[in-house]
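A.B. asks: Listed here are the chains, written in short residue letters.
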Amino acid sequence: MNDKIRPAPEVLLAAIQREEKQAQRGKLKIFFGMAAGVGKTFAMLQAAQALRSRGVHVLAGYVETHGRAETEELLQGLPFVPRLKIPYRGVELEEMDLDAILQLKPEYVLVDELAHTNAEGVRHHKRYQDVLELLEHGINVYTTLNVQHIESLVDTVRQITGISVHETVPDSMVDRADEIEVIDLPPEELLKRLSEGKVYTPERSAAAIQNFFRKGNLTALREIVLRKTAERVGMDLQEYMQAHRIEGPWKTVERLMVAVGASPYSEHLIRWTRRLAATMEAPWVATYVQTSHALTANEERRLKRNIALARELGAELVTTVDEDVATALIRVAQQKNVTQIVVGKSHAKSFWERLRGGSLVNRLLGDSGGIDVYVVQSDAAVPEKNKRRAPLLQAGLLQYLQAAGVVIVVAALCFLASGLIDYRAVGMFLLFTVSLLALLVGRGPIFMAAALSASIWNFFFIPPLFTFHIYAFADALLLGMYFIIALVGGELTARIRKRDLGVRRREQQAVALYHLARELNRAKTLDDMMRTAEHEIGLAFNARVGCFLPQAPDKSSLALHPASTYTPHAEKELTVASWVYQNRKPAGRGTNTLLFAEAVYYPLLTGNGAVGVIGIAPLLARPLTLEQEGLLQTFLHQIAAALEREMLRAAAEQAHVLAASERLYKTLLNSISHELRTPLATITGASTSLLDEHTAKERERRALLVSDIFSAGQRLNRLVKNLLDMTRLESGMLKPNLEWCDANDLVHVVLRQLAAELAHHHMRLELADDLPLVRMDFVLMEQALANILLNAAQHTPTGTAITLRTAVTEKVLTFVVEDEGEGFPPEALEHVFEKFYRLPKAKTGGTGLGLSIARGFVEAHGGAIFAESRLEKGARFILRLPLTEAPRTPEEILA
Amino acid sequence: MAPSPIILIIDDEAQIRRFLRVSLEASDYRVVEAATGHDGIVQAALSHPNVVILDLGLPDMSGNEVLMKIREWSSVPVLVLSVQDGEQEKIAALDAGADDYVTKPFSMGELLARLRVATRHAQPLADTPEFRNGHLFVDFVHREVAVNAQPVKLTAMEYNLLLLFIKHAGKVLTHRQILKEVWGPHTVEQTQYLRVYMAQLRKKLEVDPTQPQLFLTESGVGYRMVLLEA
Numbered sequence: 000m001n002d003k004i005r006p007a008p009e010v011l012l013a014a015i016q017r018e019e020k021q022a023q024r025g026k027l028k029i030f031f032g033m034a035a036g037v038g039k040t041f042a043m044l045q046a047a048q049a050l051r052s053r054g055v056h057v058l059a060g061y062v063e064t065h066g067r068a069e070t071e072e073l074l075q076g077l078p079f080v081p082r083l084k085i086p087y088r089g090v091e092l093e094e095m096d097l098d099a100i101l102q103l104k105p106e107y108v109l110v111d112e113l114a115h116t117n118a119e120g121v122r123h124h125k126r127y128q129d130v131l132e133l134l135e136h137g138i139n140v141y142t143t144l145n146v147q148h149i150e151s152l153v154d155t156v157r158q159i160t161g162i163s164v165h166e167t168v169p170d171s172m173v174d175r176a177d178e179i180e181v182i183d184l185p186p187e188e189l190l191k192r193l194s195e196g197k198v199y200t201p202e203r204s205a206a207a208i209q210n211f212f213r214k215g216n217l218t219a220l221r222e223i224v225l226r227k228t229a230e231r232v233g234m235d236l237q238e239y240m241q242a243h244r245i246e247g248p249w250k251t252v253e254r255l256m257v258a259v260g261a262s263p264y265s266e267h268l269i270r271w272t273r274r275l276a277a278t279m280e281a282p283w284v285a286t287y288v289q290t291s292h293a294l295t296a297n298e299e300r301r302l303k304r305n306i307a308l309a310r311e312l313g314a315e316l317v318t319t320v321d322e323d324v325a326t327a328l329i330r331v332a333q334q335k336n337v338t339q340i341v342v343g344k345s346h347a348k349s350f351w352e353r354l355r356g357g358s359l360v361n362r363l364l365g366d367s368g369g370i371d372v373y374v375v376q377s378d379a380a381v382p383e384k385n386k387r388r389a390p391l392l393q394a395g396l397l398q399y400l401q402a403a404g405v406v407i408v409v410a411a412l413c414f415l416a417s418g419l420i421d422y423r424a425v426g427m428f429l430l431f432t433v434s435l436l437a438l439l440v441g442r443g444p445i446f447m448a449a450a451l452s453a454s455i456w457n458f459f460f461i462p463p464l465f466t467f468h469i470y471a472f473a474d475a476l477l478l479g480m481y482f483i484i485a486l487v488g489g490e491l492t493a494r495i496r497k498r499d500l501g502v503r504r505r506e507q508q509a510v511a512l513y514h515l516a517r518e519l520n521r522a523k524t525l526d527d528m529m530r531t532a533e534h535e536i537g538l539a540f541n542a543r544v545g546c547f548l549p550q551a552p553d554k555s556s557l558a559l560h561p562a563s564t565y566t567p568h569a570e571k572e573l574t575v576a577s578w579v580y581q582n583r584k585p586a587g588r589g590t591n592t593l594l595f596a597e598a599v600y601y602p603l604l605t606g607n608g609a610v611g612v613i614g615i616a617p618l619l620a621r622p623l624t625l626e627q628e629g630l631l632q633t634f635l636h637q638i639a640a641a642l643e644r645e646m647l648r649a650a651a652e653q654a655h656v657l658a659a660s661e662r663l664y665k666t667l668l669n670s671i672s673h674e675l676r677t678p679l680a681t682i683t684g685a686s687t688s689l690l691d692e693h694t695a696k697e698r699e700r701r702a703l704l705v706s707d708i709f710s711a712g713q714r715l716n717r718l719v720k721n722l723l724d725m726t727r728l729e730s731g732m733l734k735p736n737l738e739w740c741d742a743n744d745l746v747h748v749v750l751r752q753l754a755a756e757l758a759h760h761h762m763r764l765e766l767a768d769d770l771p772l773v774r775m776d777f778v779l780m781e782q783a784l785a786n787i788l789l790n791a792a793q794h795t796p797t798g799t800a801i802t803l804r805t806a807v808t809e810k811v812l813t814f815v816v817e818d819e820g821e822g823f824p825p826e827a828l829e830h831v832f833e834k835f836y837r838l839p840k841a842k843t844g845g846t847g848l849g850l851s852i853a854r855g856f857v858e859a860h861g862g863a864i865f866a867e868s869r870l871e872k873g874a875r876f877i878l879r880l881p882l883t884e885a886p887r888t889p890e891e892i893l894a
Numbered sequence: 000m001a002p003s004p005i006i007l008i009i010d011d012e013a014q015i016r017r018f019l020r021v022s023l024e025a026s027d028y029r030v031v032e033a034a035t036g037h038d039g040i041v042q043a044a045l046s047h048p049n050v051v052i053l054d055l056g057l058p059d060m061s062g063n064e065v066l067m068k069i070r071e072w073s074s075v076p077v078l079v080l081s082v083q084d085g086e087q088e089k090i091a092a093l094d095a096g097a098d099d100y101v102t103k104p105f106s107m108g109e110l111l112a113r114l115r116v117a118t119r120h121a122q123p124l125a126d127t128p129e130f131r132n133g134h135l136f137v138d139f140v141h142r143e144v145a146v147n148a149q150p151v152k153l154t155a156m157e158y159n160l161l162l163l164f165i166k167h168a169g170k171v172l173t174h175r176q177i178l179k180e181v182w183g184p185h186t187v188e189q190t191q192y193l194r195v196y197m198a199q200l201r202k203k204l205e206v207d208p209t210q211p212q213l214f215l216t217e218s219g220v221g222y223r224m225v226l227l228e229a
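Top line first, the protein sequences correspond to chains A and B. The first sequence lines up with residues 0 to 894 when you count with numbering that gives the first Met the number 0. The second sequence lines up with residues 0 to 229 when you count with numbering that gives the first Met the number 0.
Calculated directly from the structure, the hints in this document are not laboratory data. Each hint should be verified, as a subset may be incorrect.
[What the hints assert, rightly or not] Simulated crosslink set (DSS-like; lysine-lysine; CA at most 25 angstroms straight-line):
no.: 1; chain 1: A; residue 1: Lys734; chain 2: A; residue 2: Lys810
no.: 2; chain 1: A; residue 1: Lys734; chain 2: A; residue 2: Lys720
no.: 3; chain 1: A; residue 1: Lys734; chain 2: B; residue 2: Lys103
no.: 4; chain 1: A; residue 1: Lys335; chain 2: A; residue 2: Lys303
no.: 5; chain 1: B; residue 1: Lys103; chain 2: B; residue 2: Lys68
no.: 6; chain 1: A; residue 1: Lys720; chain 2: B; residue 2: Lys103
Every value quoted in this text rests on a predicted model; they were computed, and no experiment measured them.
When you get a sec, could you build the whole thing from the sequences and use the hints?
C.D. replies: Structure representation (structure tokens):
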């Protein structure tokens, strides 16, 4: 069936997106070999020369010839970038000049030795990071790599050759290579070249053959190279088959999970899982279960490294909190649809583990149900240096002294009262004391307190006194039980307390997060948001915070937000922030990139890219714990989402405004062209008639035509005035010029202005006597009132009455205009003040702007205007002006 | 018969100049034209106009500049032509020494009435002991005021205000000008005084205070006492 061979949409999409992305990014070609000397650099240079002969701009970014003559020959004619000279402990180290290459923007650049670690002071810690940046900038890279430097193969290589490799390249780097060219050379050939001195100088060659370049080693490495390449070819093929709908033997969906911890074995487990996942082409999850068990600084560091390794190798990371590791692992596995769990071999040693049902492995095996569990042998080569610190040493000395003091004081009191109480009751007292102590001090001191109190009880209270001998069997039993109960009680309480602390800490984090989310939601403007973000991060991480936002209009450069509590001292800090913004990766202190910076910078990432950068300068020089780092990531995520939301909103608003103004523009054109043409036609027609002598001779006709021209002119004038008023309103520049005005005078002026227009209506005035002076813009209000009266006159039959009323209260000045026309159809009421709205049956000659202008002017005064149909007949307009200051009567002013 | 008055039109629009010339010549004025501010200033000196009609929107210099240049050496009445909504512009011109304004578009009747007032002003005022304007009668000697022959009592301030209007009868007065003349230079921002006094003056001197005929409000600019037909 067709369904079968149709690839899942997400697979297609992923392929398309990858292709698109890669189109913008540079292409990476790796010249891949089993060891030094197989001719990777040589092959790379050959390829470069071939490109150059085709006229392609190739640049030698960094090429290491190791003094090999045939290789150096191939460098002839290739333009190169001078190396950076980095002073380091009295020596000068040479590194690739990344910025120079970025500036030159070649089509291809040659970067030898991908696994190289850069000297301090260079932007990136590792050369492959340099390469990634080059690729991001659309530059194609040719590079070389030996198999032993691939992260996930480090263990295997060590097992084969016994050599630990420290310079590694993450597998993802190899995975993203667009092309891998295997430079294969049979081991015999290589050894021959080596002995001929073509690889190293003769002295070094001898040592090399002794150590690394043994034939067995080389054969094994060669096999790994070929297998790795074959694996990759297989993957490419499968992708190709899916993209081109070739039916193939689809695998069931497998998903692996590895448990990550602070143990040194973890690293091995992670690598092992990655290899398995790669061969199964299955996604994999790395899960860290956080328990109440406190990690030492060393463990914390190792844990971070392990997690970073898992991330680098392409695992999906899950962190969960639980006291019971086995339960947590199974829970995550079920949530993530994991089919196989990988754990290390461990031995149930502790009493508690036995109580719970055995070691982690046993419990996983018992509870995992349908999930397969791989138990991997820990690598014996890793020395077990990091034993858990004895609980005795975890608590401070002070707690020991306190616990001992309390036990001694209680014992002394009991001793004084020994005449009154039985020695068995003393045991109860001491037990009670130890239980209480467990609430206050750690495990170690409790252990000590239990032992101490047992000894004291035995020595001072249990007969025979002042010896550790015990007569009665029952007493011995009691002492034994006492000791166990004190220990268990103490341990349990200490555990609860610890867990409680953990819960409280998580609660604090949850509160901080909630707080941030709430405040971000409340923030109305971008500035508010930034202030909130800076404040909350500063509070939660005890740090000064700097926020960098892209600057309009092209958004290419960053600017520090004024609310920032962290102000970088040097220009270079801004450079770091910019790098983070452009490359969307954290950088700065404590990272692998630009580590010389004062602060660490994180990009604010959203689905559409970076929206800003947050710089964090901790007040205390302590690196963030894993937990804090997680919290910070969540914070950044929230902030980025809020920022994006705000930016989208602003964009949407702008789009809306644009759409509205476009609509207005169209309506304007339609309405205006008609409104302009009608009077122009009248004027042209009437005046050409007047030019005709025959028509002009007749006095009456002449008068009629002239008056037509006159009223057309007035109509045009009114239209222009309305348009100008509308423009003033729309421009937002309208600012009422408030002065003390006489409202009655306003009415008179309006009536005089409209004398001609109102001549055919019966004007009824109901003006309040002695209206006080009110502050308003006389001209604007005159126009507003005139527009309303004119509207009434235009839409009512001649001969009907129009009533104008005024009234003043303490706070409001009201004008009411009532007419006796048709009133409004109900659906029109909400539209009458809209621009260009005209009643369906309205007489011609209006622009549909008058009422809209009236409303604009009144609203500019902070007032309001309403329209309604009268109960009797006709329409009513109510215009209200708020009186910000108490109206002043003439008497008050003159007083 | 006195020679007909000379009107200088300073306006850059040829159409406006043409229709003004036709209409004014029909009303027995002589017309001199200038298309730029610069030319206008020269013509104002050369042709000894009785009235200058000055458009405020000129291409080469602002109307107010032209006005000030002319005022440096001449007190010829100047009538400015202004656009709608140009209240500030009008006030500036009036305060800078223009005698009156007409808002475009204007009717010829309105312009001719303003010209009549302006030319009348230009004539030396005969020292008459009394003033009559429609229903209003003022006897300067006895400081007596009557409306429709009924005596009206005015306070000293109201009387001073009335005198100012009579002195500039038919001409617009800006709020600033009135306040400065009647109350002194420090009150020029206190328009509320003026509103109150104008309301009282109207109450006492208008036949129907709800429909003022004598003292008209020029919105946003000031007041004008209209010369009523006898």
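A.B. asks: Each hint: holds or not?
C.D. replies: Checked hints:
1. Simply put, Lys734/A and Lys810/A have alpha-carbon atoms about 21 angstroms apart, close enough for the 25 angstroms limit, and the pair holds.
2. Between Lys734/A and Lys720/A the CA atoms are separated by roughly 18 angstroms; this keeps the pair inside 25 angstroms, and the hint holds.
3. Straight-line distance between C-alpha atoms of Lys734/A and Lys103/B comes to about 24 angstroms, which keeps the hinted pair within the 25 angstroms bound.
4. Restraint check: the Cα-Cα separation between Lys335/A and Lys303/A comes to about 22 angstroms, which is no more than 25 angstroms; the hinted pair holds.
5. Taking the CA atoms of Lys103/B and Lys68/B, the gap is near 24 angstroms; set against the 25 angstroms cutoff, the hint holds.
6. For a cut-off of 25 angstroms, the pair hint linking Lys720/A to Lys103/B stands: about 11 angstroms separates their Cα positions.
The earlier numbered hints are all upheld by this structure, with none contradicted.
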